[in-house]
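Starting from the given sequences, assemble the full structure and let the hints guide the process.
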Amino acid sequence: MKRKWADFIAAMLFLLPNISGFLVFTAGPVIFSLVVSFSNWNLQHTIPFRWVGLKNYLELWHTEDFWLYTINTVYLMLALPACIIGSLILAMLLNQRIRGTVVYRTLYYLPSFTSGVALLILWKALYNPEFGPINALLNWVLNDAHLNGLFQAVLGHPLKPPEWLLSTHNLLGVGTEHVQVAGKNWGVGARDAIMLMGIWMGIGGGNMLLYLAGLSNIPQDLYDAASVDGAGKWAVFRHVTWPSLAPTTFFIVVMSFIGGLQGGFEQARVMTNGGPAATTTTLSFYIYNKAFQEFQIGYASSVSWVLFIVIFAVTIVNWRLGGKQVAE
Amino acid sequence: MKTVYAGALVVLLALSALAHQLTPRREVGDRLLLTWTSDDNPARREQIALFNREHPQYELCLDPNNVGMEKVIVQSLAGVGPDLFDCYSYAQLTAYVKAGVAWDVTDLYRRKGMKIEDIWPVVYPNFIYEGKVYGHPTNAATDAIWFNRKLFDKYGVPYPAGDWTWEQFIEVAKRLTVKDSQGRYECFGFLGNRSEWFPMIRQFGGRLFTEDGTRCALNSPEAIQGIQLLQDLIYKYQVMPNPNQESAMAAAGGWGTGTITLFGGGKGAMAHGGRWWLCLLRDPAYKDLELGVTEFPHGPRKVFWGYGRATLVNALSPYRRQAFDFIRFEHERPYNELINNQADALAPVIKFCSGQAFLLNPEYPKEDFNQAWYDVMEYGEPMESSPFVDGQVVQRIIDIQMDLVRTNAKSAAEACRDAAKKIGQEIQKCLEQDPKLKARWERLTAGDR
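One line per chain: the protein sequences are L and B, in this order.
No gaps in the numbering here: position 145 of the first sequence is 862 in our numbering, and each next residue is one more.
No gaps in the numbering here: position 390 of the second sequence is 397 in our numbering, and each next residue is one more.
Please note that a few of the clues may not be correct.
[To be verified] Below 25 Å or equal to it, Euclidean Cα-Cα: the simulated DSS-like pairs (lysine-lysine) are:
#1 K877/L to K243/B
#2 K719/L to K9/B
#3 K309/B to K358/B
For the record, the hints were derived by calculation from the structure and aren't laboratory data.
Okay, structure coming up:
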């Protein structure tokens, strides 16, 4: 008994630095933010500190900005399916036994270990509406390759290359200042630009590596058996590869949802400052602005906790739905 | 195994002790280290060197990495803030004062014989809050029109002589807005700097807030007229680039770039800016630029955009009394003359902005326009503010609406009305939070209800 107790003490002493760090720098601030979310704390000495109960939560429910920025956040997550499917396709290509596979893997993974800020600045230049290479190519396709003749005939007017980061339009026609969908908002704009950039940055990243690992774990016997049965490539993928990758896909989907709901901060901060007209302001950027620009710490904490609840709920749903399919 | 862990613990403790020993000390030899958080303007280093020479007991150093209101406030409240920091607007000053980070130096001003009346009024909002003084301006400015003489010569347009109306300005700007053979804009007649909306509404008799600050007045016909003119400059008269066109010409970041770089690159014949542009335009890269300065055009009233920057003392710094010596230094001749020589806008103290030394710097003989910079100060008005709403929130709302006006996604009238409505809602939110403020607001609006 004495020895068990001594061992226990020794273990706790060794764990103490890590646990202290966790309590002081992670758990403590998280619990503090939960407590503060029920107050009106805003760093101003002129406003007396008060507990306001659920007032912050009710206020955000009735604040149109909160819903607009939630829509912006979900909008950027429309890129997730493309990212996941793209990662799978890349992984399958890189899983081939061909010369130079290592070089290709490095090249595709490059965006993941390049400085995020540097990439965002690069993309800002690519999206330059007059002189950026993307619009230069689109201009060539539409005008020099005469594709606009077809659009003129079908739509009655030629198409122009989009203004990308300077436009409030978007592919779904989502409104800028009000929660609405309207034809006048339709087009390609800043949200879509960030989404496309996100696909490029996400395809060759960690998800690709996870799929590569998953693919390498599929027993060759299954492929041999399928080959013996005369299965074609699509049948092999559908009945062997895809089901075997189910646990990997499940993990990627869950983590992507979590990352997507928390994302959009870097892009807003570096590329657009949340504009134009707040169309690229996501919930994380909104929380930052409320907390550190307007110093409404209580309100910002309540938005953070609502975001946490949403992420938790989505994760539970994913777990229930995806978990069943993985088990099957 | 336990020995290994115990050994690791001892090594970590030793390294921690070493790190503690290596922590930068406040004393550098026999000099006290003071930190000033300010932007990375190239002129800042010479200003600091001058202070250090005049005050050998101090070693003032610049920290350009922690510029930003949120950083200064959070770091100061955490006890690791700078001794001195810059304030760029009334909204920021309000935030610093309310957070308890800005030190009230009113008494020290009196004791040291420093007079507010000696300072340009346009910068009062950056360091005076509710009758109390919290710092000193580092410079003062009123924006005017920079013009590129070579472009005027190229297109055969006489140089502007100032005191001109918008109609006259637009005619000149149209002649200087030129496209190339492919229909791309080679040069715009006018480049804005995103601040012209305020003087434009004031020129037509509009206001951002009512006189007592209880209500946003952006939805008045006069204010709408000013914003409409701004939109017309872009879309009706097409003498000013829209954000798309501006971005097409834009260069990368760095201190003070953007419009200045576009103007320096000959993309605009005229630009709305301040004397502090010379901090960049004196660079050898722009040696072929022939510059002129004239007044900003005006409507029925002559109002221009006035502003400045102020240095505040951190109320939570243990060396705030010593830091005040820098504030006092900003009020004295050597600093003011340096600001004028560096062309970091105008010196904050009025009496040092006259005389031959100010009018003509022998190092830059082509800069024969300093009298114009002095003359426009009379018409400079700082951004309006209201004690009943957070200036940062107001700025965010206005930025969004101005974005929509500039991209032609909204009419000026709609944008002004929406901005006024949203600012009104924010005023109500602030009043609900602060009972004293609400009582004050109710007293002021008793007659309206």
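We went through each hint and held it up to the structure:
1. K877/L to K243/B: 21 Å, holds
2. K719/L to K9/B: 18 Å, holds
3. K309/B to K358/B: Measuring from Cα to Cα gives roughly 24 Å; hence the hint holds.
Violation of the numbered hints given earlier is absent; every hint is satisfied by the structure.
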